[in-house]
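Chains as they are written, first to last, in our numbering: chain A, 1 to 297; chain B, 1001 to 1310.
Check each hint, because a few of them may be wrong.
When the alpha-carbon atoms are kept at most 25 Å apart in a straight line, the in silico SDA-like pairs for lysine to any residue are as follows [stated by the list, open to error]: (1) B:Lys-1213 / A:Thr-63; (2) B:Lys-1125 / A:Thr-134; (3) A:Lys-176 / A:Pro-138; (4) A:Lys-68 / B:Ser-1068; (5) B:Lys-1213 / A:Thr-224; (6) B:Lys-1213 / A:Val-200; (7) B:Lys-1195 / A:Pro-62; (8) A:Lys-68 / B:Lys-1188; (9) B:Lys-1205 / A:Lys-47; (10) B:Lys-1213 / A:Thr-239; (11) A:Lys-47 / B:Gln-1254; (12) B:Lys-1125 / A:Thr-192; (13) A:Lys-68 / B:Thr-1146; (14) B:Lys-1188 / B:Gln-1254; (15) A:Lys-68 / B:Gln-1254; (16) B:Lys-1092 / A:Lys-206; (17) B:Lys-1149 / A:Pro-138; (18) A:Lys-68 / B:Ala-1095; (19) B:Lys-1195 / A:Trp-60; (20) B:Lys-1092 / A:Leu-256; (21) B:Lys-1195 / A:Gly-257; (22) B:Lys-1195 / A:Leu-55; (23) B:Lys-1195 / A:Asp-180; (24) B:Lys-1205 / A:Thr-63; (25) B:Lys-1213 / A:Val-135; (26) B:Lys-1205 / A:Ile-252; (27) A:Lys-206 / A:Asp-180; (28) A:Lys-47 / B:Lys-1188; (29) B:Lys-1195 / A:Ser-125; (30) B:Lys-1213 / A:Phe-130; (31) B:Lys-1195 / A:Glu-264; (32) B:Lys-1231 / A:Gly-257; (33) B:Lys-1213 / A:Tyr-266; (34) A:Lys-68 / B:Gln-1190; (35) B:Lys-1195 / A:Tyr-266; (36) B:Lys-1195 / A:Lys-47; (37) B:Lys-1149 / A:Ser-240; (38) B:Lys-1231 / A:His-145.
The hints are simulated quantities; they were obtained by calculation from the structure and are not laboratory data.
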Amino acid sequence: MINRRRFETLIERLIEGVVWFCGISAIVFVALIFIFVFREGAGYLFKGLNLREFLTSPEWYPTSAANKRYGVLALIAGTFSVTALAMMIAVPFGLGAAIFISEFCGAKLKETLKVVIELLAAIPSVVWGFIGLTVMNPIIIEVFHAPIGLTVLNGGIILALMSVPIIVSIGEDSLKAVPDSYREAAQALGCTRWQLVFRVLLPAAKNGLLAAVLLGIGRGVGETMAVLMATGHAVNLPTSLLDSVRTLTATIAAELGEAPVGSEHYQVLFIIGILLFTITFVVNLVADLVVRGIRGK
Amino acid sequence: MTSKKFGRRHMAAIAALALVALLGCGGGGSKVEKLTIQNAGSDTMVNLAQHWAEVYAKVDTTVSVEVSGGGSGTGIAALINGTVDLANSSRKIHADESERARSNTGNVPVEYIVGYDALAVYVHKDNPLEEITLEQLAEIYGAGGTITKWSQLGVNNAACAKDEIIRVSRQSNSGTYEYFREAISHAKGQTLDFKLGSVDMNGSKDVVELVAKTPCAIGYSGMGYATPEVKMLRVKRTPSDPAYPPTVATTQAQTYPIARPLYMYASGSPSPHVQRYLDWIHSAAGQKLVEESGYVPIPHDAAGENAGNP
C-alpha cells in the first residue's frame, strides 16, 4: 500500500518534470538559436563591420574582386516593400473572409470554405514561388507592359495569398470566441448586421484580430523561398510596384551555401540573421504593448 | 539516407581493404568490395559529371563514382576539408583556397582540364539583335556602364514596350558569375563589378527559362542550356573583329570570346583508381560524353598531353 503510493508520487514527479521541460523548451530553443546566430556573426559585427554603412548603403557587393561592400539598405527596403504590399492585400481580404465565414454564411458553405482555406495553407512555399516565376511573370508583363514580371507586385500578391489562410483561421477563431450573448444583446437593441459587426464584434475581438494580422506580418518577413523566386532577387531600391527587389531572407538562402565558413561574407550573412531576429522581436514587442494598451482602457 | 548507406559501404570498403592487406592478398576467393570516388562541385558541370559516372560504372565495375552539385565554391570547400576525391569547378581555384587546402590536408590541389564550356549570351527569340561586342556586354552588365536601352544597341525590340534592358545574372557565388565578371572586366581593361539591380537566378537553367519568358531580358549561361524559345547571340571581341556563334568548333579554335575551361581538382596526386577515372575522362569515350552533354570536348591534339600532365 505504502509502496504503491510512493510509486505514484514518483510517477507524478516525473510527469511534472516532463511537463515543465515541455513548457520551458521553447525558451531554451529560442535562446540556443539566438546564441548560435549571434556567435557566428559577432566576430565581424564588433570588429571590422562599419555598422552605419551596413544599414544605410544600398551597395551589396559581397564577392567583389576589387572592393567588397556590405550594405543591406536595398535588402531591408525589399523586405519591407513586399511585406507591406502583401499586408495591404491580405488584411482586408483575410479579415473580410473571417467575418463572412463566422457571421454571414450558412453552415454548409462555411465547412467548404474552411476546408478550401486550410488547403491553401498547406501548399508548400516553393510551389508558390514556382507559380510566381512561371504563371505570374508572363501575366504581369502582359497586363502592365512591364519589362519584367518578377517584381514587388508579384512577390506581394504571392505573399498575400500565403498569409490569408493564417489571418482567416485565427481571425475566425477570435470572432467565434465572442460570447453569443453580445450578439443577442445587440440584436435586441435593434442593430443591423453591419452595426453588429462593426460596433460590437470587431471591438470585442480586436486582440485576436490584431494577433492574426501580426502573425501574417511575421510570415511575410520570414518567408524565403517564394519571395526568392517571385521578386526577381535584384539588389534594388524600389521606386514602384513594378521594380524587382531582393529580401533579407532570400539573400541568406541564396548565398550562405557557398560562402566559405568563417569568412567575412559568411559572418555578414549571420549579421543579417541577427537583424531579422531584431525586426521580429520589435514587431512582437510592439504588438504586445498595443494589446496591453487596449486591455488597459 | 543515401549518405548513411554510403557511409556503411565506405566503411565496408575500408574494412575489406584492411582485410586483404592483412591476409597478404592470400584470400583469392573473397568478394571484392567496390572502391568509391567522391565527386562534388560546380552546378554547371553536375549533369556532365553524372553522365560520366553512369557510363563509367559499366566500364569499370569495381569503382563507383558518387556525384553531387552545390557549386564550384562548395566543391572546392569540400576539397579543402578533405571530404571529396575530385572537386568539379567551372573556375580556377583561388590562390588562398589552394593554400588552405595545403595547410588542411597536406596536399596541394592538382588541376585537370576536363572540357570547355562556352558561355552563351541569350535573348528572347523575338529580339531582333543578332550580335554583340564584349565591350557592349561590359557597358550593359558592368557597374558604371551606360547601356540601359535596347535602342542603344541599334535595335528596335518591338516586343519590349519600355525598351529597357533587363539584365539576368547569377547569384554572387556562382563560378559562372565570376567568369562572366572576369570576361567583361577584361574587355574594359579594369576590374569591374556588376551593376546592381540585375535579376539574379540560382541556376544555369533558370536563366534561360526566364529569358525565354521575358522579351526585354538578356542573360548569360552555358550553351548546353539553349532551348528553341531563346536566341544565342554571336559575340565579337572588338567592334572590328568578326562575330562568332558559340559552337564546339569556335570554342576549340578559341575564336568564340567567352569560353572557359572546366576543371577537376584532386587533392595531391590521385590514388590509382581515381587516376584511372581521370584518364578515362580524357579518353575519346569520356570526351564524347562532354559533347553529348552540350559542352565542348578538349581538342584531339591537346587531349593526350593534358591527361598525364596536371
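Hints versus structure:
Distance check on the hinted pair: Lys-1213 of chain B and Thr-63 of chain A sit about 29 Å apart at the alpha-carbon level, beyond 25 Å; violated. Among the hinted pairs, Lys-1125 of chain B with Thr-134 of chain A is consistent with the structure: their alpha-carbon atoms are about 17 Å apart, no more than 25 Å. The straight-line distance between the Cα atoms of Lys-176 of chain A and Pro-138 of chain A is roughly 41 Å, outside the 25 Å bound, and the hint therefore fails. Of the pairs offered as hints, the one joining Lys-68 of chain A and Ser-1068 of chain B is violated, with about 30 Å between alpha carbons and a cut-off of 25 Å exceeded.
Proposed proximity of Lys-1213 of chain B and Thr-224 of chain A is supported: the alpha carbons are some 23 Å apart, at most 25 Å. Between the alpha carbons of Lys-1213 of chain B and Val-200 of chain A the distance comes to roughly 50 Å, so the proposed pair goes past 25 Å and is violated. Taking the CA atoms of Lys-1195 of chain B and Pro-62 of chain A, the gap is about 13 Å. The hint holds against a cut of 25 Å. A C-alpha spacing of about 20 Å is found between Lys-68 of chain A and Lys-1188 of chain B, which places the hinted pair at or below 25 Å, so the restraint holds.
For the hint linking Lys-1205 of chain B to Lys-47 of chain A, the alpha-carbon distance of about 40 Å lies beyond 25 Å, and the restraint is violated. With a C-alpha separation of about 24 Å, the suggested pair Lys-1213 of chain B and Thr-239 of chain A falls inside the 25 Å cut-off, and the hint holds. Distance hint between Lys-47 of chain A and Gln-1254 of chain B is unfulfilled; the C-alpha atoms sit about 47 Å from each other, more than 25 Å. Among the hinted pairs, Lys-1125 of chain B with Thr-192 of chain A is inconsistent with the structure: their alpha-carbon atoms are about 60 Å apart, more than 25 Å.
For the suggested pair Lys-68 of chain A and Thr-1146 of chain B, the alpha carbons sit about 22 Å apart, so the restraint of at most 25 Å is met. Pair hint Lys-1188 of chain B plus Gln-1254 of chain B holds up; C-alpha atoms about 20 Å apart against a cutoff of 25 Å. Note on Lys-68 of chain A and Gln-1254 of chain B: the hinted pairing is violated, with a Cα-Cα distance of about 32 Å set against a maximum of 25 Å. Taking the CA atoms of Lys-1092 of chain B and Lys-206 of chain A, the gap is about 60 Å. The hint is violated against a cut of 25 Å.
A threshold of 25 Å between alpha carbons decides the hint, and for Lys-1149 of chain B with Pro-138 of chain A the separation of about 21 Å falls inside it, so the pair holds. Between the alpha carbons of Lys-68 of chain A and Ala-1095 of chain B the distance comes to roughly 18 Å, so the proposed pair stays at or under 25 Å and holds. In summary, the hint linking Lys-1195 of chain B to Trp-60 of chain A is supported, as the alpha carbons are separated by about 10 Å, within the 25 Å threshold. With a C-alpha separation of about 21 Å, the suggested pair Lys-1092 of chain B and Leu-256 of chain A falls inside the 25 Å cut-off, and the hint holds.
Taken as a hint, the Lys-1195 of chain B and Gly-257 of chain A pair is honoured in the structure, with Cα atoms around 23 Å apart against an allowance of 25 Å. Note on Lys-1195 of chain B and Leu-55 of chain A: the hinted pairing holds, with a Cα-Cα distance of about 20 Å set against a maximum of 25 Å. Taken as a hint, the Lys-1195 of chain B and Asp-180 of chain A pair is broken in the structure, with Cα atoms around 61 Å apart against an allowance of 25 Å. Among the hinted pairs, Lys-1205 of chain B with Thr-63 of chain A is consistent with the structure: their alpha-carbon atoms are about 22 Å apart, no more than 25 Å.
The suggested pairing of Lys-1213 of chain B with Val-135 of chain A holds, with an alpha-carbon distance near 10 Å, which does not exceed 25 Å. For a cut-off of 25 Å, the pair hint linking Lys-1205 of chain B to Ile-252 of chain A stands: about 21 Å separates their Cα positions. Simply put, Lys-206 of chain A and Asp-180 of chain A have alpha-carbon atoms about 16 Å apart, close enough for the 25 Å limit, and the pair holds. Of the supplied pair hints, the one linking Lys-47 of chain A and Lys-1188 of chain B is violated, its CA atoms being roughly 35 Å apart against a limit of 25 Å.
Using a Cα cut-off of 25 Å, the hinted pair Lys-1195 of chain B and Ser-125 of chain A is violated, with the two alpha carbons roughly 30 Å apart. A C-alpha spacing of about 14 Å is found between Lys-1213 of chain B and Phe-130 of chain A, which places the hinted pair at or below 25 Å, so the restraint holds. A threshold of 25 Å between alpha carbons decides the hint, and for Lys-1195 of chain B with Glu-264 of chain A the separation of about 22 Å falls inside it, so the pair holds. Among the hinted pairs, Lys-1231 of chain B with Gly-257 of chain A is inconsistent with the structure: their alpha-carbon atoms are about 31 Å apart, more than 25 Å.
The hinted pair formed by Lys-1213 of chain B and Tyr-266 of chain A fails the criterion: a straight-line CA distance of about 34 Å is larger than 25 Å. Only pairs whose Cα atoms come within 25 Å are accepted, and Lys-68 of chain A paired with Gln-1190 of chain B is accepted, the gap being roughly 16 Å. Distance restraint check for Lys-1195 of chain B and Tyr-266 of chain A: the Cα-Cα separation of roughly 22 Å lies within the 25 Å cut-off, and the hinted pair is therefore satisfied. Proposed proximity of Lys-1195 of chain B and Lys-47 of chain A is contradicted: the alpha carbons are some 29 Å apart, above 25 Å.
The hinted pair formed by Lys-1149 of chain B and Ser-240 of chain A meets the criterion: a straight-line CA distance of about 19 Å does not exceed 25 Å. Taken as a hint, the Lys-1231 of chain B and His-145 of chain A pair is honoured in the structure, with Cα atoms around 22 Å apart against an allowance of 25 Å.
Of the numbered hints given earlier, the model fails hints 1, 3, 4, 6, 9, 11, 12, 15, 16, 23, 28, 29, 32, 33 and 36; all others are met.
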